[in-house]
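Asks: Each protein sequence line maps, in turn, to chains G and E.
The first sequence runs 1 to 333 under this note's numbering.
The second sequence runs 334 to 666 under this note's numbering.
The hints are simulated quantities; they were obtained by calculation from the structure and are not laboratory data.
A few chain G positions that, by computed beta-carbon distances, are all more than 10 angstroms from chain E:
(1) 15
(2) 39
(3) 87
(4) 106
(5) 116
(6) 178
(7) 179
(8) 296
(9) 311
Calculated lysine-lysine pairs in the BS3-like style (CA-CA distance at most 25 angstroms, straight line):
(10) E:372 with E:644
(11) G:263 with E:596
(12) E:390 with G:213
(13) E:596 with G:57
(14) E:546 with G:57
Heads up, the beta-carbon is just placed ideally off N, CA and C, and yes, glycines get one too.
Given next are the chains, with one letter for each unit.
There are 2 protein chains.
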Amino acid sequence: MKSKQIVLASRPQGLPSSENFRFEERETGKLNDNEVLLKTWYISVDPYMRGRMNDIKSYAASFQLDQPFSGGVVATVIESRSSSFVESDTVFGMLPWATYCIEKAENLRKVDIQSAPPSYYLGILGMPGLTAYFGMTEIGKPKAGETVVISGAAGAVGIVAGQIAGIKGSRVVGIAGSDEKCKLLKEQFGFDEAINYKTAKAMSKVIADVCPKGVDVYYDNVGGEITDAVLDNLNFHSRIALCGQISLYNSTEIPMGPRVFPKLLTKSALVQGFIVGNYSERFGEAFAYLTQWINEGKMKYTETIIQGFNKLPDAFIALFSGKNQGKMLIETE
Amino acid sequence: MKSKQIVLASRPQGLPSSENFRFEERETGKLNDNEVLLKTWYISVDPYMRGRMNDIKSYAASFQLDQPFSGGVVATVIESRSSSFVESDTVFGMLPWATYCIEKAENLRKVDIQSAPPSYYLGILGMPGLTAYFGMTEIGKPKAGETVVISGAAGAVGIVAGQIAGIKGSRVVGIAGSDEKCKLLKEQFGFDEAINYKTAKAMSKVIADVCPKGVDVYYDNVGGEITDAVLDNLNFHSRIALCGQISLYNSTEIPMGPRVFPKLLTKSALVQGFIVGNYSERFGEAFAYLTQWINEGKMKYTETIIQGFNKLPDAFIALFSGKNQGKMLIETE
Chain G
1 MKSKQIVLAS RPQGLPSSEN FRFEERETGK LNDNEVLLKT WYISVDPYMR GRMNDIKSYA
61 ASFQLDQPFS GGVVATVIES RSSSFVESDT VFGMLPWATY CIEKAENLRK VDIQSAPPSY
121 YLGILGMPGL TAYFGMTEIG KPKAGETVVI SGAAGAVGIV AGQIAGIKGS RVVGIAGSDE
181 KCKLLKEQFG FDEAINYKTA KAMSKVIADV CPKGVDVYYD NVGGEITDAV LDNLNFHSRI
241 ALCGQISLYN STEIPMGPRV FPKLLTKSAL VQGFIVGNYS ERFGEAFAYL TQWINEGKMK
301 YTETIIQGFN KLPDAFIALF SGKNQGKMLI ETE
Chain E
334 MKSKQIVLAS RPQGLPSSEN FRFEERETGK LNDNEVLLKT WYISVDPYMR GRMNDIKSYA
394 ASFQLDQPFS GGVVATVIES RSSSFVESDT VFGMLPWATY CIEKAENLRK VDIQSAPPSY
454 YLGILGMPGL TAYFGMTEIG KPKAGETVVI SGAAGAVGIV AGQIAGIKGS RVVGIAGSDE
514 KCKLLKEQFG FDEAINYKTA KAMSKVIADV CPKGVDVYYD NVGGEITDAV LDNLNFHSRI
574 ALCGQISLYN STEIPMGPRV FPKLLTKSAL VQGFIVGNYS ERFGEAFAYL TQWINEGKMK
634 YTETIIQGFN KLPDAFIALF SGKNQGKMLI ETE
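Just chain G, same shape as in the assembly (with noise of 0.2 angstroms):
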């Protein structure tokens, strides 16, 4: 079978480019026991990958050059040589940027496109929306009453982390790049407010206006500005869920700020930085709370879903402008 895949061309420096990727066509291979052959349906293009284009040892490992990028994927089995998967079935698994692949079984999990849509499983139900529930619910804590302020709140995991923030009886208050963004936040996912902070004059001001009896629990998607201007207004035992720094991703030198360390220790504040895998032995709890809200109601939830495989490179690349809202992902054709 002839696949369309996408390799790293070469390492960005700063913001990735077009360059940074090459379109290649290969042949699938063979399929050997044990294994299924697959048609690409959705991929997703998430932020930390930035990371993964960089040479540097970190928690997820670097992409190789002239290698496929990979990611998060859901698939279906146009053949199979598995017991456990049969022809048409939809799969999500951790796969290359390609059109179609092939793949062992073992690696593979089936989902259920009848009680949620497929794409909601690279999203609310699969790694963005575990993020949430797991750097909200056990680092955040948000108590009844408590103030929950969220930076890239109309990303992916923040949209997730603001209503279960609302769930749990806080006052929400959602951080992103346009007025747009801020309305949605507010009409359709629930937060009390929201602050725009490509207009905001001083944020530290405009977060302590917004946040009367300071914050309590940080959520931070994006660092740099923004988060220093949320530790200016922190609580006393105050939590931190260091969940991305998006704002650095691209950096070319070394990311100089105001210290940090002298306003956590005068407030007793908590910053926990993770990444979901940390409780992968919880993910069918949080599975079931996040199909529970959504079944309910109390969940809504949105993607920007770009067309084309070939819209790849771009879609990637548009999440350092936010121009998602919620999760983005591509559906091949």
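Guided by the hints, dock chain E onto chain G, whose structure is given.
Replies: Only chain E this time, still in chain G's reference frame:
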């Protein structure tokens, strides 16, 4: 009774100087029911007091202009109108920097000078010892075989924190400001390694060399560039007990440095700011362990005792150039 006292003459910019302190004489006044008249014996000087010299709201109330400094004091009862204390009792209290004072009995705690020298109640059996205990056992949680790094290791808190990590079976690395202190840490206090940050060329590399398995626990008393270097060497799931930032206390501008959140994120690291008061319900437990370790010979201790009430301002200022080994305190003559 005539008493000498020291009041805040002016608020310092940067490092405090003798001009910020003023000696006065006053009458202690008349003893009422449930009060005792005290003769000061030992007075504690602690880095955190620098923050109290600023007019900024923090966890400890600011000193007021023209009012006495105050802090941990061990004193002798010379007259009592309380049923709780008799003449010649030794007590601990948060008391003014004065040679004599009158205090309500309810604010004092009797200390046992048979089982430990009276000065210990300002150090290993006082605030610094309890701080080390809770920061290390509740936040650092060192395990056998892990690597624990302590900045300000030869200070009042550092020497206790390091020995607790050693008792827990960890490999203990201290950072201090002279070869003499480093020698002391290794020979007297059982540290496995000690780094003199004043002569080390490239701290990040030196720490990497001394900690070939990386850093699992960092007990931070210092902040700034030393902390930057330690953070370059964190292990996955490392814990940082954020106890002090003495290198920054005299900053006259907002201290800048490399952003630390990206480092914490990629290592799933924990940072917990704290003050000893957060654990006040468990002081008895800490006191019992520290006493036991001292009696078993597992815990050594050292003090820098300066003679004379008049030396108090100099002793306090000397903290910031690291002139002390272990706990710094004044013995009034």
